[in-house]
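Chemist: Here's the letter readout for the chains.
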Amino acid sequence: MAQPSPKPKPSPETAVFEPWNDPEAKPLIEFRNVTKRFGEFTAIDDLSLRIYEREFFALLGPSGCGKTTMMRMLAGFEAPTEGHILLGGQAIDTVPPNKRAVNMMFQSYALFPHLTVFDNIAFGLRRESRDDEKIEARVEEMLRLTRLSKFASRKPHQISGGQRQRVALARSLAKAPKLLLLDEPLGALDKKLREETQFELMDIQEKTGTTFVIVTHDQEEAMTVASRVAVMDEGRIVQVATPEVIYEAPNSVYVADFIGDVNLIRGTAKARGEGTAPAANEAPQEEAPGTTAPPASAPAPATGRHDPQPNAMGRWLHDRLLSPVIGPRRDQPKALPAPEAAAELPPPAPAPESATDIPEGGIEIHWSEGAAPIVASSGDPALDGQQVVLSLRPEKVSIAKEKPQAHNALPGRVIDIAYLGNISTYHVELPDGTMIKAQMANTRRIARRDITWEDEVWVSFTATAGVVLTE
Amino acid sequence: MRRLIIVAVPYLWLLALFLIPFLIVLKISLSDIALARPPYMPQLDLSGGWQAIRDFVSQLDFENFVFLTTDDLYWKAYLSSLRIAAVATFITLLVGYPIAYAMARATPEWRPTLLMLVILPFWTSFLIRVYSWMGILGNEGVLNQVLLWAGLITEPLQILNTTTAVYIGIVYTYLPFMILPIYSTLERMDESLLEAAEDLGCSRLSAFWLVTFPLSRNGIVAGCFLVFIPAIGEFVIPSLLGGSQTLMIGKVLWEEFFNNRDWPVASAVAVVLLLILIIPIVLFQRTEEKAREAER
Numbered sequence: 001m002a003q004p005s006p007k008p009k010p011s012p013e014t015a016v017f018e019p020w021n022d023p024e025a026k027p028l029i030e031f032r033n034v035t036k037r038f039g040e041f042t043a044i045d046d047l048s049l050r051i052y053e054r055e056f057f058a059l060l061g062p063s064g065c066g067k068t069t070m071m072r073m074l075a076g077f078e079a080p081t082e083g084h085i086l087l088g089g090q091a092i093d094t095v096p097p098n099k100r101a102v103n104m105m106f107q108s109y110a111l112f113p114h115l116t117v118f119d120n121i122a123f124g125l126r127r128e129s130r131d132d133e134k135i136e137a138r139v140e141e142m143l144r145l146t147r148l149s150k151f152a153s154r155k156p157h158q159i160s161g162g163q164r165q166r167v168a169l170a171r172s173l174a175k176a177p178k179l180l181l182l183d184e185p186l187g188a189l190d191k192k193l194r195e196e197t198q199f200e201l202m203d204i205q206e207k208t209g210t211t212f213v214i215v216t217h218d219q220e221e222a223m224t225v226a227s228r229v230a231v232m233d234e235g236r237i238v239q240v241a242t243p244e245v246i247y248e249a250p251n252s253v254y255v256a257d258f259i260g261d262v263n264l265i266r267g268t269a270k271a272r273g274e275g276t277a278p279a280a281n282e283a284p285q286e287e288a289p290g291t292t293a294p295p296a297s298a299p300a301p302a303t304g305r306h307d308p309q310p311n312a313m314g315r316w317l318h319d320r321l322l323s324p325v326i327g328p329r330r331d332q333p334k335a336l337p338a339p340e341a342a343a344e345l346p347p348p349a350p351a352p353e354s355a356t357d358i359p360e361g362g363i364e365i366h367w368s369e370g371a372a373p374i375v376a377s378s379g380d381p382a383l384d385g386q387q388v389v390l391s392l393r394p395e396k397v398s399i400a401k402e403k404p405q406a407h408n409a410l411p412g413r414v415i416d417i418a419y420l421g422n423i424s425t426y427h428v429e430l431p432d433g434t435m436i437k438a439q440m441a442n443t444r445r446i447a448r449r450d451i452t453w454e455d456e457v458w459v460s461f462t463a464t465a466g467v468v469l470t471e
Numbered sequence: 001m002r003r004l005i006i007v008a009v010p011y012l013w014l015l016a017l018f019l020i021p022f023l024i025v026l027k028i029s030l031s032d033i034a035l036a037r038p039p040y041m042p043q044l045d046l047s048g049g050w051q052a053i054r055d056f057v058s059q060l061d062f063e064n065f066v067f068l069t070t071d072d073l074y075w076k077a078y079l080s081s082l083r084i085a086a087v088a089t090f091i092t093l094l095v096g097y098p099i100a101y102a103m104a105r106a107t108p109e110w111r112p113t114l115l116m117l118v119i120l121p122f123w124t125s126f127l128i129r130v131y132s133w134m135g136i137l138g139n140e141g142v143l144n145q146v147l148l149w150a151g152l153i154t155e156p157l158q159i160l161n162t163t164t165a166v167y168i169g170i171v172y173t174y175l176p177f178m179i180l181p182i183y184s185t186l187e188r189m190d191e192s193l194l195e196a197a198e199d200l201g202c203s204r205l206s207a208f209w210l211v212t213f214p215l216s217r218n219g220i221v222a223g224c225f226l227v228f229i230p231a232i233g234e235f236v237i238p239s240l241l242g243g244s245q246t247l248m249i250g251k252v253l254w255e256e257f258f259n260n261r262d263w264p265v266a267s268a269v270a271v272v273l274l275l276i277l278i279i280p281i282v283l284f285q286r287t288e289e290k291a292r293e294a295e296r
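Sequence lines, in order, name chains A and B. Take 1 as the starting number for the first sequence in full-length UniProt numbering and just add one per residue. Take 1 as the starting number for the second sequence in full-length UniProt numbering and just add one per residue.
The set of hints was computed from the structure by calculation and includes no laboratory data. Small disclaimer: the values here were computed from a predicted structure and weren't measured. Worth double-checking, as some hints may not be accurate.
[Unchecked claim] Think about it this way: if two alpha-carbon atoms lie no more than 27 angstroms apart in a straight line, the pair counts; the simulated DSSO-like pairs of lysine-lysine are:
| hint | chain 1 | residue 1 | chain 2 | residue 2 |
| --- | --- | --- | --- | --- |
| 1 | A | Lys155 | B | Lys290 |
| 2 | B | Lys76 | A | Lys150 |
| 3 | A | Lys191 | A | Lys134 |
| 4 | A | Lys192 | A | Lys207 |
| 5 | A | Lys155 | A | Lys134 |
Please work from the sequences and hints to get the whole structure.
Modeler: As structure tokens, this is what we get:
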């Protein structure tokens, strides 16, 4: 537990834990067309959902989206107005909370202030058994699991927030429920402790094999801990998928916008013919003046445009011996190439790399009068003529002073720079006023940063970087 | 300096309004009855100098306290007062707790109104309210008339001038003092605690006994002391509603003062009553302190 292992999701025996892809798998929890109304207000709207055993499932959404109502229905504090909730195949709509094999960790922790940590954890066990020895053994086990053995005889007001959080977890796990519900469990902790605790939670979930359902409005938390995330909005589930899919392939503008930072570029789709790979044909002169050609048609000379660069030995020599005398080495072109583009494109050297390496098919998005269309090879050609939104993550957009060799390159001006330490986010204004956020890892010390406010720059991204969505 | 003044204010208050009157009462209790005005002696005459003070002190004695032990009227009255106060406190708790509980469970927009209703009786004079109970409980009173009219009884019930009427009076009068502290602890209670208890396997009833009740303990203790302490020395209620067989120390005190004009004995009765009351007051303060510590 001290050293959190990153994402210990796949259980050891099965390499991939994906029961949701297995048509044979029986869900532990099933919502069948559940609707919940409070008077006139519809909190949950005809919602169906399956959650499988051993999953760490996150319900994510802004406040008021119905995620807490879902959780309270699972716990038994609310009954669905319509539809059914099944636990292990049995309808549990009318089973009161004290008769369900479901336990909940409350947002406020709801520790009993008049009982010690030990008695808090033993509380649920004492309701069903009179065997003191067994209860004590189980409580000791829980105390060890949550590293609370030292605090067993303290009262809740005598321990710290993080410890209280663990007591609440231990208490809700003590009865070995089939399903554990966590209502914003880490909301009250500060950022560092929250991150640590997220890994602890994952670890404990792994160890106990309990199915966890967590409710949160913190998308980072959901992404970190969950095997699957359900993004909710106004009583409906917008998308249910693994964190990777939610992030990289959101199914709607809502999800793309809710999860992380995103650039949304609106425009009209135009199908790219099978053979019309050189999209450059129609792009050329609309680009900003001064640059020779769009990236696609001028691939080879790219490397030749720059000054000669020192090799490894030369760099070493310069950095160790010469820099104090003649100042830092200027190797702009090295500082600037987009990591993303560099990674996805073949190494820059080979000459024949050209427009043909833009994947075929997909669509072009005409997003601004007079600007080159954006190539999105992931777009469905069937969208031809429709209004679409290209969702583009800032870290997939790179920024350079000189026109880079990329599928999509747009000129613009730096308006704002948010320096976050490890990364910087550049806000670039395109000629038509659209703001694009580009994120670059600060691999060099800040003193060397050479893009600054008001600079004319190029933002670029590959044809595969964006996701084409319709509204 | 400012701090000193701030601290001094409550102590001066205590000194002027409690300690000095108490010392005066204590002095009277050590004096002897006399046919004079005021009706006791010795009198302190400060113009006589040291000698007069020494004479004065030498004449004080514990005679009256000894007298209290010789006549069984007094200790019977003390015991009976304690018993009546204890029983009345318990009944007040039984009546007050459900009211406080219902108030705390009411929707927030109703709570101020309910609170107001609890405090409302204080707007009329205490004496008038006790008198009106005489009108209700008497043989020709409202209660008997209603019961006779409903055919539940054929003879009027003798309630007025019995200990039962005293209980009714005390419970009625002191009910707000029981409700308010219990309400304030219940109202502060986090409702998710009950949900947590249910989630962990409690029925509604056991959740009440295992969570709500222990957590309202401070309110219960406070309420009980607030009722018990003044009820012991209660005079108006037993003298208006109680009968001749209702023995309470407050009434004895009154009779010593005004019927027998025996100020020294009456003062001795008062001093002993105070000593008896100090025990629960100290206990009360200690639990309050503990409660405050637990909240921190």
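Chemist: Confirm or reject each hint.
Modeler: Hints, verified against the model:
{"no.": "1", "hint": "Lys155(A) to Lys290(B)", "in the structure": "holds (14 angstroms)"}
{"no.": "2", "hint": "Lys76(B) to Lys150(A)", "in the structure": "violated (55 angstroms)"}
{"no.": "3", "hint": "Lys191(A) to Lys134(A)", "in the structure": "violated (37 angstroms)"}
{"no.": "4", "hint": "Lys192(A) to Lys207(A)", "in the structure": "holds (23 angstroms)"}
{"no.": "5", "hint": "Lys155(A) to Lys134(A)", "in the structure": "holds (22 angstroms)"}
In summary, the structure is inconsistent with hints 2 and 3 from the numbered list given earlier, while agreeing with the others.
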